[in-house]
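Student: Sequence lines, in order, name chains A and B. Quick note: the first sequence, position 176, residue 176 per our numbering, numbers continuous. Quick note: the second sequence, position 106, residue 106 per our numbering, numbers continuous.
Warning: the hint list may mix true and false statements.
[Claimed, not checked] If you anchor each label on the Cβ, the simulated ranges turn out as follows:
hint: 1; chain 1: A; residue 1: LEU32; chain 2: B; residue 2: PRO136; range: 21 to 29 Å
hint: 2; chain 1: B; residue 1: PRO136; chain 2: A; residue 2: GLN232; range: 17 to 25 Å
hint: 3; chain 1: A; residue 1: GLY123; chain 2: B; residue 2: GLY117; range: 19 to 27 Å
[Unchecked claim] Residues from chain A that keep clear of chain B, each with C-beta distances beyond 12 Å, as calculated:
hint: 4; residue: LEU54
hint: 5; residue: LEU67
hint: 6; residue: ARG159
hint: 7; residue: VAL243
hint: 8; residue: SER252
[To be verified] Chain B is nowhere near these chain A residues, computed Cβ spacing over 10 Å in every case:
hint: 9; residue: LEU4
hint: 10; residue: LEU40
hint: 11; residue: SER43
hint: 12; residue: THR166
hint: 13; residue: LEU167
hint: 14; residue: GLY200
Derived by calculation from the structure, the hints in this document are not laboratory data. No residue lacks a Cβ here, since even glycine has one placed at the ideal position from N, Cα and C.
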Amino acid sequence: MNGLGVPRWCYVPALLGGLFVAVPLLAILVQLDWTALPSLLFSESSLTALWLSLRTTVVATVICVVLGVPMALVLARTQFPGQSLARALVLLPLVVPPVVAGLALLYTFGRRGLLGGTLSVVGIDIAFTTTAVILAQAFVALPFLVISLDGALRTAGARYEGVAATLGARPGTVMFRVTLPMMLPALASGTVLAFARALGEFGATLTFAGSLAGTTRTLPLEIYLQREVDPQAAVALSVLLIVVAVVVIGVSRRWVRAA
Amino acid sequence: MVRWLLALCLLCLGATGCSATEQQTLTVFAGSSLQEPFEALAERLETANPGVEVRFHFAGSATLVEQLRQGARADVLAAADEATMARAAEEDLLTATPHVFATNSLVIAVAPGNPRGIRGFSDLTRDDLKVVVCAPIVPCGAATARVEQRAGVGLRPASEELSVTDVLTKVDTGQADAGVVYVSDLGRAEGRVAGVPIPAAVNATNAYPIATTSESPLAASFVALVEGSVGAEVLQRSGFGSPAPGGQDR
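Let the hints inform the model, and build the full structure from the sequences given.
Tutor: Written out as structure tokens, the structure reads:
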């Protein structure tokens with residue numbers, strides 16, 4: 001063990017914290033009925049829910065990256081009045097209980113919401129559609145990406161960008177050739193966090209999008225529903241969710257290290 | 001930071017200090033639909049017995065039984081259907097024989113004034129309506145499926161929600177045009193949703209059983225209060241029906 005610069009007492013709370021996270025997850029595995037696992041996992045309803053979850057989560061994550069990277073750049077690299085307020089606002093979905101986030105989305109995009117009337121005039125009705133699921137996931141996941149990238153950008157400072165600019169690089173070139181390559185690890189971890197949060201999204205989806213197999217019932221909703229009648233099935237599906245998350249995190253780690 | 005921590009400690013002390021005094025606490029696990037009438041009844045019990053505090057845990061009945069099975073402590077269990085209560089009895093969680101104290105049937109929840117002109121259950125198949133129901137595996141969804149069967153109507157819902165509260169939210173916020181909920185739920189959303197009745201001939205009725213889950217004398221007196229005339233009156237005001245002597249409807 002290479003404990004350079006870490007006070008020895010740190011190991012005790014670090015170990016406790018590690019156990020605090022790991023033991024409940026192990027408890028799930030202990031609860032699991034391994035012989036029944038295949039039939040529970042490969043039932044039609046679980047596969048439908050898993051496929052829906054993967055599709056929606058990928059799209060929501062892409063939305064988070066497309067909107068979140070510019071948001072982080074603007075927050076970290078520019079100065080404008082009300083900046084700290086803007087930064088706080090962006091973080092709000094982290095604080096608000098997901099059910100309330102779902103209500104907020106209802107009041108915005110719902111049929112009687114702020115924008116709902118306008119949207120339905122142009123023929124868009126997102127009530128109870130897969131689009132509503134994606135909106136809910138992107139809404140709760142976006143802050144994770146912005147916060148990771150904003151923090152990293154501010155820590156790194158703008159010296160390299162400054163140098164590039166004095167050498168004649170235009171802002172777009174600086175962003176793609178200097179800032180983003182430097183920010184790749186932070187961008188990757190922010191993206192993974194956003195993906196994981198979107199994958200586990202439950203409350204906002206339930207409140208805003210509803211729950212219909214194949215359309216809006218994602219894996220977390222299916223887990224909650226199964227738990228009513230069959231806790232074992234819920235446990236098996238949770239393991240599936242955990243496996244998906246672990247695979248995604250592992251793959252992205254490797255990908256960043258290679259890059 | 002230090003001041004904040006101190007405040008937190010004081011709060012903790014305060015909380016434990018409260019429970020350390022000579023107060024009797026009764027813990028009641030009850031199905032979510034019972035919240036309104038049970039809180040009213042608890043208030044009466046607390047007024048009649050100073051020093052008694054009734055604590056509630058309202059959730060889906062299956063959740064309650066699962067929590068009891070995992071060792072949660074409660075004095076009374078009131079479930080929203082007999083099948084769930086039977087599971088609690090099987091697991092040896094009860095200290096008395098359960099009795100049915102109320103019934104609940106279904107109703108169509110619509111926006112106030114019924115702007116979409118929904119006249120009955122068969123209207124719910126209209127293509128221009130967004131209808132939400134409970135998923136068939138939760139009790140309210142099972143009851144809805146029974147009504148569909150009896151009425152010979154097959155619904156194509158926009159969403160199969162996980163609880164009756166979720167159905168109510170969708171109608172309440174205008175996201176859905178109609179939802180199938182319990183009659184007692186209309187009282188909870190008074191003024192925000194209206195009800196279109198489902199005729200008794202095709203309606204499904206849930207029986208609500210109650211039983212003690214501890215030997216506490218307070219538990220028995222709460223059950224007696226619920227089963228007595230005061231309980232019947234409060235439950236009726238919340239939209240519940242009185243238990244039919246013929247037993248449960250299937």
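Student: Evaluate each hint against the coordinates.
Tutor: Status of the hints after comparison with the structure:
1. A:LEU32 x B:PRO136: 21 to 29 Å: 26 Å, holds
2. B:PRO136 x A:GLN232: 17 to 25 Å: 19 Å, holds
3. A:GLY123 x B:GLY117: 19 to 27 Å: 23 Å, holds
4. LEU54: 21 Å, holds
5. LEU67: 25 Å, holds
6. ARG159: Holds: least Cβ distance 33 Å, greater than 12 Å.
7. VAL243: 24 Å, holds
8. SER252: 32 Å, holds
9. LEU4: 28 Å, holds
10. LEU40: Holds, because the least Cβ-Cβ distance between A:LEU40 and chain B comes to about 15 Å, which exceeds 10 Å.
11. SER43: The assertion about A:SER43 holds, with a minimum of 13 Å to chain B.
12. THR166: 42 Å, holds
13. LEU167: Given a closest Cβ separation of 45 Å, the condition holds.
14. GLY200: 16 Å, holds
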